[in-house]
Each structure stands twice: as structure tokens, then as C-alpha cells.
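J.: Protein chains in written order, with the numbering used here: chain S, 27 to 140; chain G, 19 to 130.
Worth flagging that the hints you see were computed from the coordinates, not collected in a lab.
One should not assume that every hint holds.
With the C-beta cut set under 7 Å, the calculated list includes, among others, these residues of chain S facing chain G [stated by the list, open to error]:
id, residue
1, TYR57
2, VAL76
3, PHE116
4, PRO128
5, PHE131
6, GLY134
Simulated crosslink set (DMTMM-like; lysine to aspartate or glutamate; CA at most 20 Å straight-line) [claimed, not checked]:
id, chain 1, residue 1, chain 2, residue 2
7, G, LYS117, S, GLU56
8, G, LYS88, G, GLU116
9, G, LYS69, G, GLU116
10, S, LYS35, S, ASP52
11, S, LYS83, S, GLU56
12, G, LYS117, S, GLU85
13, S, LYS96, G, GLU116
14, S, LYS35, G, ASP56
15, S, LYS83, S, ASP52
16, S, LYS35, G, GLU59
17, S, LYS97, S, GLU56
18, S, LYS96, S, GLU56
19, S, LYS96, S, ASP52
20, G, LYS69, G, ASP89
21, G, LYS88, G, GLU72
22, G, LYS117, S, ASP64
23, G, LYS117, S, GLU105
24, S, LYS40, S, GLU105
25, S, LYS35, S, ASP133
26, S, LYS97, G, GLU72
27, S, LYS40, S, GLU78
28, S, LYS83, G, GLU116
29, G, LYS117, S, GLU78
30, S, LYS97, S, ASP52
31, S, LYS35, S, ASP64
Backbone N, C-alpha and C fix where the C-beta goes; we use that ideal spot for every residue, glycine too.
Residue-level listing of the chains:
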Amino acid sequence: NAGVTQTPKFRVLKTGQSMTLLCAQDMNHEYMYWYRQDPGMGLRLIHYSVGEGTTAKGEVPDGYNVSRLKKQNFLLGLESAAPSQTSVYFCASSSRVSSNQPQHFGDGTRLSIL
Amino acid sequence: GQQLNQSPQSMFIQEGEDVSMNCTSSSIFNTWLWYKQDPGEGPVLLIALYKAGELTSNGRLTAQFGITRKDSFLNISASIPSDVGIYFCAGRSTFGNEKLTFGTGTRLTIIP
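The following block holds chain S by itself, in its conformation from the complex:
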């Protein structure tokens, strides 16, 4: 009963390094999302995808890229990490079956940029 799985759970990077965060869901959901969570700011949408091969920008997309090559996976990339990208990153997914389906979240990736 995995649901939404994020890897890695923790990571420390140096400024300028690149990395990719992986999100996998086993619920056959069409929609997938990447959020960042910062103190006092709630969850802010970075990018999202409404289906395999499609992506769209959210509220705070700058500095990030995403890819959805397979329906069950949604990748978030940081090409050149900056200290401002230190945050907790959450992936979520939801079904398109019903227009008002809630989103289901992973347990997060804690990323520190030094």
C-alpha cells in the first residue's frame, strides 16, 4: 500500500550542483504535482502534470524542470542548485476520474543547499 513514494528523503547539496528528485505513485493517477513547503508559507506549486508526456508551470517554477515520461513517475530537477531552493519538497497525485478528487501526498524530500 505504497501510494506516493518520494526519493531521496534527505539530501544536502552545494550551490551549483544538480540533482533530480523522483516521485512514484502506484494508484494509476493521471495528475501529479510538485510543491515546496517553506516555514509560514504553506505549500506552493512548482510544476504539475495532467498526463504522461505533459507538464505545466505552477506558482514558483523558476529554477526547476520536470519530466513525466511514464504515467507513474514525475521527476523534479534542479539544474544549478541555489540556497533559496533549500526547502521540503512534496509530490502529490490525484485521479482524473472525478473532477473533484483530492490530492494524495508523499512524505517529502528535505533538501539543503549550502
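Given the coordinates of chain S, assemble chain G onto it according to the supplied hints.
T.: Leaving out everything else, chain G in the frame of chain S:
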């Protein structure tokens, strides 16, 4: 973008007390969701509301979809230690809109 104001930002209560928090929007929402986040974990859905005026319960939790469609309320009765966490409201502006707007959260602490 759309803004959700959630209040209070934090609450310190004693075990057994009731809790109330609310969320207001600058625009009309057609769906309201309430999530809880435990330390080190992702948000988990508590209650979903889909109709103005709707009142829905989940155990000791009760949430309401405001008549104006611009607000929602969450109440927790007889709080227990496991209620500690951050509570988020989230809204969807139109049916079929795949994006949610999240509030900034209410951090609940229970004083022993």
C-alpha cells in the same frame, strides 16, 4: 494568484479542549479540503467539502463549507495528544481545475 488566509497561525491548548480554525479566500471556491501534516510526513486528507453550506464530520473533526463559498471552518472536539500537527486548508476554484490553492497552515500544540 489566489490567496487563502488561514487563522490562527498557531494554537496552544490543553488536552480535552475544543479547537476552531478557519480559512478565507479572496475568490469563490467550489471545493474545500482540510489536510493534517504530522512532523516529518506529508499532508493527509481529513475532510473534503463540495457544496456551499455542507457540514461534514470525521470522528471528532467537523468542517463546514461557508455559504458565501469564500470560507471554510474546521473544528476539533475534545483534543487529544495525537491531534498535534499542522492543519492546512486547500481550495479548488472551479470543478475540473486540477490545481489546489493551500492556506499557510495552523500549527496545533497541546500543552500537557
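J.: Name the hints, by number, that the structure is in violation of.
T.: 15, 23, 26 and 27
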